[in-house]
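Visitor: Sequence:
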Amino acid sequence: MQKTIGWLLTPLHLVIFGTVLLGFHAAQVLALRFGYEAHKHVVDYLNFCVLASLKAVGTRMELDCAHTLPADTPLIVVANHQSMYDIPMLGWVFRDRHPKYVAKIELG
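So that you can map any letter, position 55 of the sequence shown is 54 in numbering that gives the first Met the number 0, and since no number is skipped, the others follow by simple counting.
Quick caveat, the hints were computed from the structure, so don't treat them as lab data.
Nothing here was measured: the structure is a model prediction, and the numbers come from that model.
Every residue, glycine too, gets a C-beta built ideally from N, C-alpha and C.
Do not rely on the hints blindly, as some may be mistaken.
[As the list claims (entries may be wrong)] Derived DSBU-like pairs: lysine-lysine, alpha-carbon spacing no greater than 35 angstroms straight-line:
#	residue 1	residue 2
1	Lys54	Lys2
2	Lys103	Lys2
3	Lys39	Lys99
4	Lys103	Lys54
5	Lys39	Lys54
6	Lys54	Lys99
7	Lys103	Lys39
[Stated by the list, open to error] Just the calculated beta-carbon pair ranges, DEER-fashion:
#	residue 1	residue 2	range
8	Pro73	His12	30 to 38 angstroms
9	Leu68	Leu29	27 to 35 angstroms
10	Gly34	Asp71	22 to 30 angstroms
11	His97	Thr9	27 to 35 angstroms
12	Thr72	His24	43 to 51 angstroms
13	Pro69	Leu20	14 to 22 angstroms
14	Thr67	Thr3	36 to 44 angstroms
Based on the provided sequences and hints, a complete structural model is requested.
Guide: And the structure:
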């Protein structure tokens, strides 16, 4: 039954996801004209909307952080990518720290 629901919700997710990406592409191009902070706010909301689109089709997300992270210390966060959806999660959770990403050349 879950597989059937997944097949039915996939087209809905693709439409929502594509709309979010296209809309935020235009917003990012515009925000870049206003500087880094404006662009960062747009990217933060992009991450939120991507996560919301996943939740809309029933995806469960969980972040398990056993430690309290100091607010004034730089972090290196390492992710073993299971899919492309961990980047929006990390971007949203660590948005106050202005995350940057490094990837293997095979992913580019």
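Visitor: Against this structure, judge whether each hint is valid.
Guide: Consistency of the hints with the structure:
1. Lys54 <-> Lys2: Given that 35 angstroms is the threshold and the Cα spacing comes to 17 angstroms, the pair holds.
2. Lys103 <-> Lys2: holds, 32 angstroms
3. Lys39 <-> Lys99: Holds: Lys39 and Lys99 sit about 11 angstroms apart, inside 35 angstroms.
4. Lys103 <-> Lys54: holds, 28 angstroms
5. Lys39 <-> Lys54: holds, 23 angstroms
6. Lys54 <-> Lys99: holds, 24 angstroms
7. Lys103 <-> Lys39: Given pair Lys103, Lys39 holds - Cα atoms ~24 angstroms apart, limit 35 angstroms.
8. Pro73 <-> His12: 30 to 38 angstroms: Since the Cβ atoms of Pro73 and His12 sit about 35 angstroms apart, the hinted range of 30 to 38 angstroms holds.
9. Leu68 <-> Leu29: 27 to 35 angstroms: With Cβ atoms ~33 angstroms apart, the hint holds.
10. Gly34 <-> Asp71: 22 to 30 angstroms: holds, 24 angstroms
11. His97 <-> Thr9: 27 to 35 angstroms: At 33 angstroms between Cβs, range holds.
12. Thr72 <-> His24: 43 to 51 angstroms: violated, 33 angstroms
13. Pro69 <-> Leu20: 14 to 22 angstroms: Violated, at about 34 angstroms.
14. Thr67 <-> Thr3: 36 to 44 angstroms: Holds - the Cβ-Cβ distance for Thr67 and Thr3, about 42 angstroms, lies within 36 to 44 angstroms.
Consistency note: the structure conflicts with the earlier hints numbered 12, 13.
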